[in-house]
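K.L.:
The primary structure of each chain is shown beneath.
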Amino acid sequence: METSDLTHHISRRFNEDLEKVRNQVLQMGGFVEQQLHKAITALVEGDSQLGESVATDDYKVNGMEVSIDEECSRILALRAPAAGDLRVIVAIIKTITDLERIGDEGEKIGYIASRLATMERPADKYREVKHLGRQVAEMVHDALDAFARMDSLAALKTAKQDKIVDEEYESIHRQCITFMMEDPRTIRRALEIMWIVRSLERIGDHAKNICEYVIYMVHGKDIRHTSLEDVALQIDAAHAASRR
Amino acid sequence: MWTFALARLAGILLAGLCLGLLVGPIWVWLLVAACLYLGWQLLNLHRLDRWLRLRSQMAPPNLGGIWADIVAQVVRLHRRKSYHKQRLVQLYRELRRSTAALPDGVIILSTQHEIVWFNRQAARLLGLKRPIDVGLRVDNLLRSPEFVRYLHGDDFSVPLAISAPMQTELYLALQVVPYGAGQSLLLVRDVTRQMRLEAMRKDFVANASHELRTPLTVISGYLDTLADDTSIDVAWAGPIRDMRAQAQRMNTIIADLLELSRLESTDGEAVREPIDVPAMLQRLQRDALARSQRPRQILLELESEDGLYGSMQELESAFTNLLVNGIKYTAAEGSVRMRWWTDDEGAYFAVIDTGIGIPAEHIPRLTERFYRVDAGRSRERGGSGLGLAIVKHALQLHGGWLEVQSVEGKGSTFICHFPPQRIFQTAERAAASA
Numbered sequence: 001m002e003t004s005d006l007t008h009h010i011s012r013r014f015n016e017d018l019e020k021v022r023n024q025v026l027q028m029g030g031f032v033e034q035q036l037h038k039a040i041t042a043l044v045e046g047d048s049q050l051g052e053s054v055a056t057d058d059y060k061v062n063g064m065e066v067s068i069d070e071e072c073s074r075i076l077a078l079r080a081p082a083a084g085d086l087r088v089i090v091a092i093i094k095t096i097t098d099l100e101r102i103g104d105e106g107e108k109i110g111y112i113a114s115r116l117a118t119m120e121r122p123a124d125k126y127r128e129v130k131h132l133g134r135q136v137a138e139m140v141h142d143a144l145d146a147f148a149r150m151d152s153l154a155a156l157k158t159a160k161q162d163k164i165v166d167e168e169y170e171s172i173h174r175q176c177i178t179f180m181m182e183d184p185r186t187i188r189r190a191l192e193i194m195w196i197v198r199s200l201e202r203i204g205d206h207a208k209n210i211c212e213y214v215i216y217m218v219h220g221k222d223i224r225h226t227s228l229e230d231v232a233l234q235i236d237a238a239h240a241a242s243r244r
Numbered sequence: 245m246w247t248f249a250l251a252r253l254a255g256i257l258l259a260g261l262c263l264g265l266l267v268g269p270i271w272v273w274l275l276v277a278a279c280l281y282l283g284w285q286l287l288n289l290h291r292l293d294r295w296l297r298l299r300s301q302m303a304p305p306n307l308g309g310i311w312a313d314i315v316a317q318v319v320r321l322h323r324r325k326s327y328h329k330q331r332l333v334q335l336y337r338e339l340r341r342s343t344a345a346l347p348d349g350v351i352i353l354s355t356q357h358e359i360v361w362f363n364r365q366a367a368r369l370l371g372l373k374r375p376i377d378v379g380l381r382v383d384n385l386l387r388s389p390e391f392v393r394y395l396h397g398d399d400f401s402v403p404l405a406i407s408a409p410m411q412t413e414l415y416l417a418l419q420v421v422p423y424g425a426g427q428s429l430l431l432v433r434d435v436t437r438q439m440r441l442e443a444m445r446k447d448f449v450a451n452a453s454h455e456l457r458t459p460l461t462v463i464s465g466y467l468d469t470l471a472d473d474t475s476i477d478v479a480w481a482g483p484i485r486d487m488r489a490q491a492q493r494m495n496t497i498i499a500d501l502l503e504l505s506r507l508e509s510t511d512g513e514a515v516r517e518p519i520d521v522p523a524m525l526q527r528l529q530r531d532a533l534a535r536s537q538r539p540r541q542i543l544l545e546l547e548s549e550d551g552l553y554g555s556m557q558e559l560e561s562a563f564t565n566l567l568v569n570g571i572k573y574t575a576a577e578g579s580v581r582m583r584w585w586t587d588d589e590g591a592y593f594a595v596i597d598t599g600i601g602i603p604a605e606h607i608p609r610l611t612e613r614f615y616r617v618d619a620g621r622s623r624e625r626g627g628s629g630l631g632l633a634i635v636k637h638a639l640q641l642h643g644g645w646l647e648v649q650s651v652e653g654k655g656s657t658f659i660c661h662f663p664p665q666r667i668f669q670t671a672e673r674a675a676a677s678a
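Line order of the protein sequences matches chains A and B. The first sequence begins at 1 in the working numbering and counts up one residue at a time. The second sequence begins at 245 in the working numbering and counts up one residue at a time.
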């Protein structure tokens with residue numbers, strides 16, 4: 001199902017409603033992306049004010065989630081969509097939950113970043129965390145792009161990135177433990193850093209979930225808890241079938 | 245040629261008539277002649293039709309009579325059409341190629357903000373993909389909240405500067421250019437270099453001012469000591485006084501430069517602390533009246549009890565700058581008037597003087613740094629040349645702007661405009677204190 005199919009819907013009003021709510025989801029995604037970006041910048045640049053502003057702005061994300069949720073229930077009640085349209089609504093309801101969680105994790109990072117800003121900064125200026133943050137931000141961005149484009153292949157590719165994020169999380173974890181053993185004075189900071197990378201890793205998982213909803217929305221296949229290799233085969237088969 | 249065709253018909257009929265007169269019943273021979281003519285015409289018609297159908301593969305048929313002419317006309321028409329078509333196609337290709345080669349990104353948007361077309365540079369800067377992104381809403385892909393607000397707003401006079409999605413080191417200026425019935429062009433320009441230069445310039449000014457401050461403090465310190473030293477020859481008193489005055493001036497300039505670079509580096513909006521503007525203006529008036537060199541009259545007209553939400557420090561510095569300017573350029577027998585009023589469209593603070601005025605051609609450039617209407621004259625009045633630049637920036641932070649009216653020789657009026665959202669109403673104040 002492509003967006004062009006959406007535009008050829010029998011009921012134009014319904015179609016407009018669907019497009020509008022999809023757009024709202026992406027606006028929410030854009031805001032969450034910005035929050036995440038700000039939170040990482042606050043950490044790397046030691047900007048406590050920026051970190052606090054991220055933490056205080058989280059209520060906006062929650063507000064967006066509630067309003068999109070209401071809109072979805074309204075569409076479900078009024079139009080009783082079926083097949084592809086129903087899948088879009090279901091995927092949207094799930095996506096906004098994950099977006100809201102990403103917002104929460106971003107809030108956490110912003111809060112910790114504002115606290116860390118008052119402490120001494122390590123020599124490497126959080127290079128590893130910055131790198132992981134960038135990777136995760138890219139995942140969220142690509143997941144939302146895949147959502148906007150209804151592009152299951154891109155979604156699959158993005159979902160696979162989660163493994164790299166997990167590995168990087170693991171390595172920072174080890175690094176923090178090493179630091180703590182070497183010099184107990186760094187324990188406080190290292191613990192805070194561990195919270196941050198934990199949040200980043202969770203954000204990666206949420207981005208992966210969004211990718212899975214995109215695949216569900218496009219192909220009608222629930223791929224949660226299945227290995228990505230199997231999914232890749234199925235999607236390839238579906239693409240080959242649609243080309244024929 | 246139609247006469248020729250008619251003549252031919254007449255000739256054939258005449259031949260039939262003659263044959264009929266010679267050898268048989270007239271009407272049979274006439275019929276035969278007419279049928280022959282009709283058959284010939286039908287044959288021609290058939291060949292023309294076949295040629296028109298298979299025109300691309302066949303040479304034009306060699307037809308007789310009027311048909312040859314028609315074929316020639318069709319050929320000519322066709323040639324002209326294909327020539328025009330070719331030219332249009334060429335023009336279109338050239339246009340596409342030139343827009344594709346533009347150093348700036350171009351996106352054509354439909355009325356619903358859907359992407360209709362974009363060039364290569366836009367794809368590169370914004371990460372768009374062809375052909376999957378055609379038909380998608382642009383705000384689905386460019387999700388930055390600032391951009392969405394800009395796109396759905398109606399003020400496209402200035403481009404919006406944001407960092408590129410996922411390439412944060414890249415700065416883009418985006419501008420919407422509406423055209424036709426609701427369509428618009430979205431122009432994307434890479435402004436990373438300008439932004440970096442701008443940042444460098446700001447840093448330089450801030451650092452240079454800061455570095456100059458310390459040596460200057462030492463110099464003024466020694467000059468102060470020297471001025472009080474009685475063992476120095478009296479002949480030095482004059483030069484030392486001048487040096488002190490100049491050092492004082494440099495101090496002012498540096499303080500203003502630092503203030504300006506602080507204002508410039510503040511992003512977005514000023515804080516919103518409630519300020520009691522009338523009380524502040526009364527204080528300013530008292531300070532001004534305490535000055536030794538001043539015009540006879542310094543008046544204050546308070547037409548509103550309301551205050552402003554904003555930054556105390558910045559507004560006070562802006563208002564002081566305007567008032568001091570007015571005092572400086574007004575002769576002792578003139579007057580300087582401050583006025584504060586509000587209406588539905590906002591709040592206003594004006595300084596009206598009866599001073600020397602400003603020639604019209606200088607007004608647009610007044611707020612530039614170190615811009616002087618008359619270099620010699622203003623220097624002796626001891627300004628830093630930065631006052632109005634500071635006023636402009638301070639107002640910008642509060643969403644306001646500066647209006648300047650002046651008649652040379654009669655006086656000048658400086659009006660600060662503030663948006664209504666910034667007004668701090670007295671009613672609220674009463675409620676807050678109750």
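No lab work stands behind these hints: they were computed from the structure. A virtual CB, placed ideally from N, CA and C, is assigned to each residue, including glycine. Treat the hints with caution; some may be incorrect.
[Stated by the list, open to error] Here are the simulated EDC-like pairs of lysine to aspartate or glutamate, each with C-alpha atoms no more than 20 Å apart in a straight line:
id: 1; chain 1: A; residue 1: 125; chain 2: A; residue 2: 182
id: 2; chain 1: A; residue 1: 60; chain 2: B; residue 2: 589
id: 3; chain 1: A; residue 1: 20; chain 2: A; residue 2: 100
id: 4; chain 1: A; residue 1: 38; chain 2: B; residue 2: 358
id: 5; chain 1: A; residue 1: 108; chain 2: A; residue 2: 16
id: 6; chain 1: A; residue 1: 60; chain 2: B; residue 2: 390
id: 7; chain 1: A; residue 1: 20; chain 2: B; residue 2: 513
id: 8; chain 1: A; residue 1: 108; chain 2: A; residue 2: 205
id: 9; chain 1: A; residue 1: 38; chain 2: B; residue 2: 618
id: 10; chain 1: A; residue 1: 163; chain 2: A; residue 2: 128
id: 11; chain 1: A; residue 1: 130; chain 2: A; residue 2: 104
id: 12; chain 1: A; residue 1: 160; chain 2: A; residue 2: 170
id: 13; chain 1: B; residue 1: 373; chain 2: A; residue 2: 138
id: 14; chain 1: B; residue 1: 636; chain 2: B; residue 2: 549
id: 15; chain 1: B; residue 1: 572; chain 2: B; residue 2: 513
id: 16; chain 1: A; residue 1: 38; chain 2: A; residue 2: 201
id: 17; chain 1: A; residue 1: 157; chain 2: A; residue 2: 104
id: 18; chain 1: A; residue 1: 125; chain 2: A; residue 2: 58
id: 19; chain 1: B; residue 1: 446; chain 2: B; residue 2: 477
id: 20; chain 1: A; residue 1: 130; chain 2: B; residue 2: 513
id: 21; chain 1: A; residue 1: 160; chain 2: A; residue 2: 201
id: 22; chain 1: A; residue 1: 94; chain 2: A; residue 2: 19
id: 23; chain 1: A; residue 1: 160; chain 2: A; residue 2: 138
id: 24; chain 1: A; residue 1: 38; chain 2: A; residue 2: 85
id: 25; chain 1: A; residue 1: 125; chain 2: B; residue 2: 390
id: 26; chain 1: A; residue 1: 20; chain 2: B; residue 2: 358
id: 27; chain 1: A; residue 1: 163; chain 2: A; residue 2: 201
[Unchecked claim] Covered stretches of chain A, going by a simulated chain B footprint (3 or more residues, C-beta under 8 Å):
id: 28; segment: 24 to 31
id: 29; segment: 146 to 157
id: 30; segment: 192 to 202
K.L.:
Checked against the structure, which of the hints given earlier come out wrong?
P.N.:
Hints 2, 4, 5, 7, 9, 14, 15, 17, 18, 19, 20, 24, 25, 30 are the ones this structure does not satisfy, whereas the remaining hints hold.
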